[in-house]
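Asks: Here is what each chain is made of, one letter per residue.
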Amino acid sequence: MNDGAVHITDLVKTYTDDRGRPTFTAVKKINLEINNGEFMVLVGPSGCGKTTTLRMVAGLEKITSGTIAIGERVVNDLEPKDRGIAMVFQNYALYPHMSIFNNMAFGLQLAKKKKDFIQETVSRTSKALGLDQMLERKPQALSGGQRQRVALGRAIVRNPQVFLFDEPLSNLDAKMRVQMRSEISRLHAQLGNTMVYVTHDQVEAMTMGDRICVMKDGLIMQVADPLTLYRQPENLFVAGFIGSPPMNLLKGRVEKGDGGLTFKETAEEGGVSFPLKGPAEALAAKYVGKPIVFGIRPEHLTEENKNGSHVPVTSTIDIAEPMGAESLVYLRAGTTNLIARIHGETLFHMGQPITVYVNLEKVLLFDSETENVIR
Amino acid sequence: MRSQRLLKLIIAHTVLIVVCALILIPFAMVVIASFRKGNFPPSTLWLNPDQWTFDHWRYVLGIPYREILNATTGETKLVNPTVPPLHWFLNSILVASIASFGIILLSGTSAYAFARLKFRFRGQILTGLLVLQMFPQILTLTAYYRILNNIGEHIPWLGLNTYAGLILIYLSGISINIWMIKGYFDTISPSMEDSARIDGASRFQAFTKILLPMSAPIFAVVFILSFISMISEYPTASVVLQESANRTLAVGAYSLLDEHEKLWGHFSALAVLSGVPITIMFLLCQRFIIGGLTSGGAKE
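In the order they appear, the protein sequences are chains A and B. For the working numbering, add 37 to where a residue sits in the first sequence, where the first one is 1. For the working numbering, add 11 to where a residue sits in the second sequence, where the first one is 1.
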């Protein structure tokens with residue numbers, strides 16, 4: 038079975054005004070292969086083209102150029118209903134004048150399915166989603182989470198090859214969001230369908246996606262599984278976007294000294310500098326005298342000096358956020374701001390001096406000009 | 012403190028009573044005039060017991076009554092009303108109902124196009140409609156006359172002196188309705204129609220099954236406003252409909268105020284009667300004018 042694979046080739050979307058003149062290119066010739074049964078997350082800041090891409094897959098948005106194929110079929114000119122897709126919208130998009138039953142049955146009714154079949158399908162799906170007690174109600178009488186579950190049910194009864202989600206959890210409160218997140222993940226595990234999920238929330242992306250496609254300004258920045266994305270970002274954007282709190286990124290240049298290479302931060306005064314040892318040294322060799330960006334995840338700034346690959350940074354605590362298991366500590370070293378994720382045993386105070394150690398083995402270096410990681 | 016509050020209360024109530032009186036007194040005067048013996052213009056709020064009569068209402072409703080010909084001899088005549096008033100009444104309801112439905116149909120579909128579709132000059136046309144609406148329709152009356160006259164030569168049922176012709180003209184004045192309905196459509200999230208299209212609805216089905224039911228309130232408002240304006244519309248109807256029998260209520264009522272014989276009593280009864288269909292239509296439509304019809308579907 039290869040039915041639910043989505044092949045996106047050279048896809049472009051240029052919006053036009055009333056007169057057909059191009060105004061804005063939202064998607065710039067992207068290529069993306071989504072495997073059958075895969076949970077693919079499209080993530081990026083608002084305006085990056087992720088929703089536009091999804092809407093083109095759904096058939097709600099005309100394709101300017103390029104092709105979209107679902108399975109073996111090119112679907113560019115197919116009506117949404119003929120593409121074998123179902124979509125869940127951010128604002129639920131339920132039909133407010135219809136009962137929950139009719140909301141879920143609408144597609145089947147339009148397809149002129151038999152009454153028994155509709156009845157059976159809707160009641161089975163609603164039971165699975167815990168909605169069977171409220172089939173006669175109108176959407177207005179439901180809570181946000183229930184409404185989104187109805188929207189989910191409406192998608193499921195269509196029995197699509199590909200599920201499309203357009204930020205389905207953004208309108209829910211924090212607790213509901215976490216719950217629905219696992220429900221959708223479970224749904225994916227049960228049904229095994231291809232799912233394409235758009236979100237701007239990188240936590241959702243990381244926790245739900247088999248693979249994640251990071252987009253920015255209509256371009257794909259990187260496609261990878263969550264851990265690869267986190268550990269081996271290909272460029273500055275992905276490094277800064279994935280991870281919360283974000284990676285510490287320091288601008289500076291590579292300098293050659295007596296003891297080897299050092300990274301020196303560009304700052305008016307008191308920028309930090311780190312010796313580049315271990316794997317970083319080899320990478321930086323080509324960049325002597327050139328500007329680079331030095332990246333280190335907050336969890337790789339530790340309080341203990343574990344082995345030789347750690348270098349100390351003396352700093353003061355700006356803000357400390359104890360989370361229980363760990364503390365997020367905002368540090369100031371000279372004029373440099375750093376975030377560290379430190380174990381939560383001690384309570385830190387503002388202005389308290391602290392020495393943290395940078396784990397040089399985990400450092401990522403980026404080319405300042407291309408913004409790509411240095412390999 | 013207390014006296015100040017009392018003063019405020021008195022002032023507020025005085026204002027309210029005066030405003031109410033301004034609205035209600037003329038209406039009451041017309042009602043009284045319709046029950047007053049003889050044909051006097053509305054002028055009083057009180058009738059002596061011997062001044063009461065139902066003759067005007069009998070005339071309007073087509074019920075035979077005795078008219079006093081000579082007060083001194085007591086000579087009377089049985090008047091068999093020639094029914095036109097009731098006829099006019101039904102004419103008006105017919106024309107206003109059909110035209111209002113037509114207006115809803117036309118302005119609803121146009122508003123959908125303006126709200127949801129993209130086409131060249133959309134913005135300009137929309138503004139143009141608004142500008143056109145600012146000219147009173149009466150300016151184009153002579154043109155309408157000529158047009159209907161010409162049409163009538165080829166299509167007799169759509170020419171002068173036909174209801175179809177009058178309705179055709181009424182249907183041309185819909186730009187403000189397009190604006191109103193478009194404004195309402197704009198408040199409804201397009202994602203519901205998107206969703207319907209994914210569910211397999213055609214554009215037309217998404218319009219009729221999703222958007223229209225949610226827009227019932229604005230259609231009820233447009234229907235009532237059109238209906239009221241057409242029941243009371245005079246200039247166009249008076250030019251288009253020239254035969255006594257096919258007049259509308261407004262034209263017919265005015266014809267009772269002839270230069271030589273002003274039948275104020277008949278006129279008043281007819282005027283009060285014309286409020287009946289409007290009231291009924293309002294009560295019928297009122298149940299559609301409810302809030303919250305679109306709530307619960309989408310969260311912005």
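Since the hints were made in silico from the structure, they are not lab data. Fair warning: this is a prediction, and the values are worked out from it, not measured in the lab. Glycine included, C-beta positions come from ideal geometry on N, C-alpha and C. A couple of the hints might just be wrong.
[As the list claims (entries may be wrong)] From the structure, some residues in chain B lie toward chain A, with a derived Cβ separation under 8 Å:
{"no.": "1", "residue": "R133"}
{"no.": "2", "residue": "S202"}
{"no.": "3", "residue": "S206"}
{"no.": "4", "residue": "A212"}
{"no.": "5", "residue": "T219"}
{"no.": "6", "residue": "S285"}
{"no.": "7", "residue": "V287"}
Asks: For every hint, state whether the structure bears it out.
Replies: Here's how the hints hold up against the structure:
1. The closest approach between the C-beta of R133(B) and any C-beta of chain A is roughly 5 Å, which is under the 8 Å cut-off, so the hint is satisfied.
2. Restraint check, S202(B) versus chain A: the minimum CB separation of about 4 Å is within 8 Å; hint holds.
3. At its closest, the beta carbon of S206(B) sits 4 Å from a beta carbon of chain A; the interface hint therefore holds under the 8 Å criterion.
4. Nearest Cβ of chain A to the Cβ of A212(B): about 6 Å, under the 8 Å cut. The hint holds.
5. The interface hint given for T219(B) is violated, since its Cβ lies 12 Å from the closest Cβ of chain A, which is over the 8 Å cut-off.
6. The closest approach between the C-beta of S285(B) and any C-beta of chain A is roughly 35 Å, which is over the 8 Å cut-off, so the hint fails.
7. A hinted interface residue such as V287(B) counts as satisfied when its beta carbon comes closer than 8 Å to some beta carbon of chain A; here the least separation is about 32 Å, so the hint is violated.
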